[in-house]
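Enquirer: Work out the full structure: start from the sequences and follow the hints.
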Amino acid sequence: MATDRKLPIGIQTFEKIRTEDFLYVDKTAMVWNLVQTNTPYFLSRPRRFGKSLLISTFESYFEGRKDLFEGLAIYNLEKEWKKHPVLHLDLNAEKYDSPERLNAILNRHLVLWEDTWGKEERETTLSDRFAGVIRRAAEQTTGTNVVVLIDEYDKPLLQVMPNEALMDEYRKILKSFYGVLKSSDRYLRFVFLTGVTKFAQVSVFSDLNQLNDISMDMAYASLCGITSDELVKVFAPEIEQIGLYNKLSFEEAVTTMTVQYDGYHFCENSVGIFNPFSVLNAFQKKKFDNYWFHTGTPTFLVDLLKETDYDLRTLIDGVEAEQESFSEYRVETNNPIPLIYQSGYLTIKAYDPEFKLYTLRFPNDEVKYAFIKFLQPSYSSVEDINRAFHIQHFVRELRCGNVPSFMERLKAFFADFPYELNDKTERHYQVVFYIVFKLIGEFIEAEVHSARGRADAVVKTKDYIYVFEFKLNGSARQAMEQINDKGYLIPYTVDGRKLVKVGVDFSAEERNINEYLID
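FYI, the numbering for the sequence shown is 225 to 743, going by this note's numbering.
These are computed hints drawn from the structure, not numbers from a lab.
A couple of the hints might just be wrong.
[Said to hold, decoys possible] Capping the alpha-carbon separation at 20 Å, the derived lysine to any residue pairs in SDA-like fashion look like this:
| id | residue 1 | residue 2 |
| --- | --- | --- |
| 1 | K722 | G711 |
| 2 | K230 | R242 |
| 3 | K406 | N262 |
| 4 | K306 | K230 |
| 5 | K509 | T482 |
| 6 | K725 | N626 |
Expert: This is the structure:
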């Protein structure tokens with residue numbers, strides 16, 4: 225089945241989507257609910273999740289463009305369609321490599337607004353000019369106060385991380401500029417800010433006491449992104465087509481899409497959200513690939529993990545945290561979890577209401593395996609092109625029971641560590657081992673454990689079940705004895721597949737596998 229329906233990949237303008245007949249997932253009922261109040265709002269979502277399109281939708285609404293909303297939920301909800309002055313500040317597609325550059329970009333927006341609403345000579349600073357534009361726009365349009373829409377308010381700060389000196393300069397500039405929104409409250413009809421990260425030090429959150437952060441509100445959990453119901457309702461022909469190309473039924477195609485791109489939860493007990501960028505690209509290319517991850521993972525996340533000495537295994541298996549510890553980022557806490565969560569690499573997977581603890585994990589397979597692959601060069605010298613080759617052979621060797629070849633290949637992942645060893649050598653060995661088995665898990669069932677009383681790794685193929693135990697500066701015999709003494713194989717004795725025990729010894733001096741035993 226062929227379809228020539230237009231997918232809005234990379235299109236962030238509501239007017240273009242509506243006038244050029246692109247597919248649109250209707251979010252306007254939630255838009256209408258938000259615009260009923262004068263409260264300033266903030267929404268945090270990962271990159272490429274539709275924040276810019278949402279801002280553009282607000283812009284079209286407040287410009288009174290009723291024609292663009294025909295057939296959508298808001299069309300019958302709204303009765304007045306008033307036109308307001310709209311100041312749209314888009315900080316997204318810019319390069320912020322110096323304070324002068326940030327000032328120049330803010331100045332450019334101000335000049336455009338001043339061309340419409342005028343300027344007074346006594347207004348010399350950026351903040352004075354911003355306040356003047358807001359006041360004049362309100363005064364010149366009697367009865368309709370000003371709408372301020374700020375897209376990616378935090379982009380300048382994210383671009384210069386972890387350069388503390390530049391971040392401090394940018395915070396001062398933005399504190400003064402965004403602070404105008406508080407002093408100009410009487411002239412404002414509606415304020416909406418989007419961003420990836422809620423920076424605790426940026427005054428917009430402290431100065432605007434009435435700012436409503438809806439990032440974790442149940443009512444707006446699906447304001448950006450696609451729910452499973454929306455996926456099937458809006459994109460049924462595309463689902464059928466990608467299924468045909470990949471020899472999958474409609475239901476199997478939905479299941480594959482779900483495993484690969486669903487799984488985002490922005491508050492406890494909310495519906496799952498599909499990553500819209502990956503969904504649209506998969507439909508266009510008719511291939512299940514890691515589209516969102518490939519658009520640019522910030523290297524500062526890896527640097528941050530190294531600097532904070534965060535245990536990667538904990539990150540991969542899931543992190544328990546209180547809301548305050550991941551909903552906003554504070555530089556001084558040296559905690560990488562808020563940035564990793566807000567950037568979209570972790571999401572809410574469970575909630576304990578008694579202790580008010582959230583469990584954060586990877587949202588889906590796209591993020592899980594792409595993130596591990598992205599981190600791997602920081603822990604092993606195996607290059608990307610060789611990593612895929614090794615993983616492919618790892619899986620084949622385990623499937624056919626060739627453990628000696630598997631172990632010899634594993635040594636390559638421990639050779640020539642990319643950074644100097646220190647007193648945390650044991651953890652480094654464990655993390656490399658952990659990464660290898662997690663990457664294998666993309667193709668066959670592989671569980672990696674670190675708790676006492678459980679084998680280090682259990683790998684299951686069609687014909688074999690492998691139990692691995694690793695020792696550092698011990699002996700392969702000790703590792704094998706632990707498998708037997710702890711009864712690691714007992715849960716699998718009635719399985720029917722061939723059981724294989726592998727005891728491995730690491731040598732800190734040789735920085736690699738010293739010996740191994742197979743039984």
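Enquirer: Looking back at the hints listed earlier, which ones does the structure fail to meet?
Expert: Of the numbered hints, just 4 does not hold.
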